[in-house]
Structure formats: structure tokens, C-alpha cells
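**Q** Sequence:
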Amino acid sequence: MSTKLESLEERIQIPDDVKVSLEDFRLKVTGKLGSNEYDFSHMGIGLFLDGKEIVVKVLGNKRRSKAMLGTAVSIIKNMLTGVTKGFTYKMKVVASHFPISVKVSGDEVIIENFLGERYKRRAK
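Add 14 to a position in the sequence shown, counting from 1, and you land on the number used in the numbering used here.
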């Protein structure tokens, strides 16, 4: 039985128009559409910058280690997509019994008659 501890790593390419900084386990990604910041200290992974690549490394070759690696890589890829291409969400309001109405007022969304409630819900 070997006592050698295996590790898994994955490399993510950084686009040319994106600036990435890493301080402790806090990764900050800045691009033309804004900036994102995420703290990876709770995940038990290693993050390194290697030129124009982000290296994500995890110790072990078990199922949980692979899951942590995949989650961290997905978060970083979504951060890079968010600052370069952006995200668009399209939502559809569906009601089964109570007729719901949604209005946009400035930077606020007002939802009326949600599940038959008397008061208006406000979202920003």
C-alpha cells in the first residue's frame, strides 16, 4: 500500500481582456463588463496563477476531491464569462389560481397578488 498522496489539477485559460488577481484564497476577476470576487478559502483547494492560466489543485483522488475541483472550476469559468460576455436571464410569470401582476418601476420590480397576498412584494 502506497502512502503517496495523489492530487488533481486543472488549468483555466485567462482571456486577453481580463485581469485576474489572487490574494490568499480570494480571486478577483476584472473585465470590460465589471468585476467579480469570490473567496475559495472554505473549499480546501489550492489556487495559483501561472502566466495566463489559473491553476486549481486539490489533494486526493476521491469523489469529494473531484467534486470540489469541478465546483471551483465551474465557479471560475462563470466568473470569466460574466466579465467578458455577461449573463442574460429571461423569466416568465406563471400563475395557476391567483392572477399575478408584475410591474417595473424604476429600479424596482413590484409583484402584486402573489399567491393571493394583499400586500405588494418589492424586489430590486
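Think of the hints as simulated: they come from the structure by calculation, not from any bench.
Misleading hints may appear alongside valid ones.
[What the hints assert, rightly or not] Pairs of lysine to aspartate or glutamate residues, derived as EDC-like cross-links and limited to a Cα-Cα distance of at most 20 Å, are as follows:
no., residue 1, residue 2
1, Lys76, Asp64
2, Lys99, Glu131
3, Lys76, Asp31
4, Lys99, Glu122
5, Lys91, Glu23
6, Lys42, Asp53
7, Lys42, Glu24
8, Lys91, Asp64
9, Lys91, Asp30
10, Lys99, Glu23
11, Lys106, Glu126
[As the list claims (entries may be wrong)] FRET-style restraints, in silico, Cβ to Cβ:
no., residue 1, residue 2, range
12, Lys99, Arg40, 20 to 30 Å
13, Leu47, Tyr133, 28 to 38 Å
14, Glu51, Lys18, 55 to 65 Å
15, Thr85, Glu37, 15 to 25 Å
16, Lys138, Leu47, 16 to 26 Å
17, Leu47, Glu122, 19 to 29 Å
Ideal Cβ placement from N, Cα and C applies to all residues, glycine included.
**Q** Against this structure, judge whether each hint is valid.
**A** Against the structure, the hints:
| no. | hint | result |
| --- | --- | --- |
| 1 | Lys76 x Asp64 | violated (25 Å) |
| 2 | Lys99 x Glu131 | violated (38 Å) |
| 3 | Lys76 x Asp31 | violated (36 Å) |
| 4 | Lys99 x Glu122 | violated (25 Å) |
| 5 | Lys91 x Glu23 | holds (15 Å) |
| 6 | Lys42 x Asp53 | holds (9 Å) |
| 7 | Lys42 x Glu24 | holds (18 Å) |
| 8 | Lys91 x Asp64 | holds (16 Å) |
| 9 | Lys91 x Asp30 | holds (14 Å) |
| 10 | Lys99 x Glu23 | violated (26 Å) |
| 11 | Lys106 x Glu126 | holds (15 Å) |
| 12 | Lys99 x Arg40: 20 to 30 Å | holds (23 Å) |
| 13 | Leu47 x Tyr133: 28 to 38 Å | holds (36 Å) |
| 14 | Glu51 x Lys18: 55 to 65 Å | violated (36 Å) |
| 15 | Thr85 x Glu37: 15 to 25 Å | holds (21 Å) |
| 16 | Lys138 x Leu47: 16 to 26 Å | holds (20 Å) |
| 17 | Leu47 x Glu122: 19 to 29 Å | holds (23 Å) |
In terms of the numbered hints stated before, the structure departs from hints 1, 2, 3, 4, 10 and 14, listed from lowest to highest.
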